[in-house]
Every structure is written in C-alpha cells, then in structure tokens.
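Novice: Sequence:
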Amino acid sequence: MNNVTALIGDEYDDALVIALNQALLDKNIHIVKKTSTIDLQIIEVEINNKILLIEKETFVGLTITGDKLVVDKFVKNIYDKLHIDKAIQYLV
Numbered sequence: 098m099n100n101v102t103a104l105i106g107d108e109y110d111d112a113l114v115i116a117l118n119q120a121l122l123d124k125n126i127h128i129v130k131k132t133s134t135i136d137l138q139i140i141e142v143e144i145n146n147k148i149l150l151i152e153k154e155t156f157v158g159l160t161i162t163g164d165k166l167v168v169d170k171f172v173k174n175i176y177d178k179l180h181i182d183k184a185i186q187y188l189v
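Just so you know, the sequence shown maps onto residues 98 to 189 in this note's numbering.
In short, the hints are calculated from the structure, not lab data. Do not take every clue at face value.
Estimated spans, in silico, between C-beta atoms of each pair [as the list claims (entries may be wrong)]: (1) I185 with Q119: 16 to 22 Å; (2) D110 with N146: 18 to 24 Å; (3) L179 with T102: 30 to 36 Å; (4) N125 with N100: 26 to 32 Å; (5) Q186 with I115: 18 to 24 Å; (6) I135 with L166: 31 to 37 Å; (7) L188 with E141: 24 to 30 Å; (8) H180 with L121: 15 to 21 Å; (9) E143 with D182: 23 to 29 Å; (10) F156 with K124: 30 to 36 Å.
Keep in mind the model is a prediction, meaning the values are calculated, not measured. Note that beta-carbon positions come from the ideal geometry of N, C-alpha and C, so glycine has one too.
Based on the provided sequences and hints, a complete structural model is requested.
Specialist: Here is the structure:
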C-alpha cells in the first residue's frame, strides 16, 4: 500500500469546513470514527474498502492520510468544491 499525507489549507476556515462536510456526504463514504479535542478533530472514514484519516486542526488546516489514489480523489473533490485548481501538497 502506498500511503501519503496531503495538506489542504493553512488554516481551518469556514469554506474548508463546508467543502469537507459536502465531500463527506458522498454515498461511497462511511464514517468509522470521530474524535475531538478543543483544537483538533480526527475523522476516520472508509472509501472503497480503504481507510482515510482526516485531521482537522484550527491553525493547520486539513491533513488527509491514506492510500495515495483514494487521498488524491478525495482531495480533488474538496478542491472542486472550493473552486481550487492546484497540485496536491503532500507532507514528507
């Protein structure tokens, strides 16, 4: 498995919240687990039998970790909702 972590945004703002929530409504996505603290929310979802870990942090934005093909498709979906056309930024 080829796992990657993508970073979306430099801050967790309202537009990003809306785009993420819309992306999570996709019928092929099953939310497995949610965990929250004051500044961090972690959502574990299953897409096509693959697990993605989504971390929403107030001053960081979103990090999405999982299989590269699934991460790429999910991030593209969020970018489309935000009307952003740019390359996906991966953490090393």
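Novice: So, for every hint listed, does it hold in this structure?
Specialist: Structure-based check of all given hints:
In this structure the hint that I185 and Q119 lie 16 to 22 Å apart at CB holds, the actual value being about 18 Å. Under the hint 18 to 24 Å, the C-beta atoms of D110 and N146, about 32 Å apart, miss the expected range. Checked against the hint of 30 to 36 Å, the pair L179 and T102 fails, with Cβ atoms roughly 19 Å apart. For N125 paired with N100, a C-beta distance near 20 Å fails the hint of 26 to 32 Å.
Taken as a hint, the range 18 to 24 Å holds for the pair Q186 and I115, whose Cβ atoms sit roughly 20 Å apart. Checked against the hint of 31 to 37 Å, the pair I135 and L166 passes, with Cβ atoms roughly 33 Å apart. Taking the beta carbon of each, L188 and E141 are about 18 Å apart, not inside 24 to 30 Å as hinted. Between H180 and L121 the Cβ separation comes to about 18 Å, which falls inside the hinted range of 15 to 21 Å.
Roughly 28 Å separates the CB atoms of E143 and D182, a value that falls within the hinted 23 to 29 Å. Restraint check, F156 to K124: a C-beta distance of roughly 32 Å satisfies the suggested window 30 to 36 Å.
Violation of the numbered hints given earlier is confined to hints 2, 3, 4 and 7; the remaining hints are satisfied by the structure.
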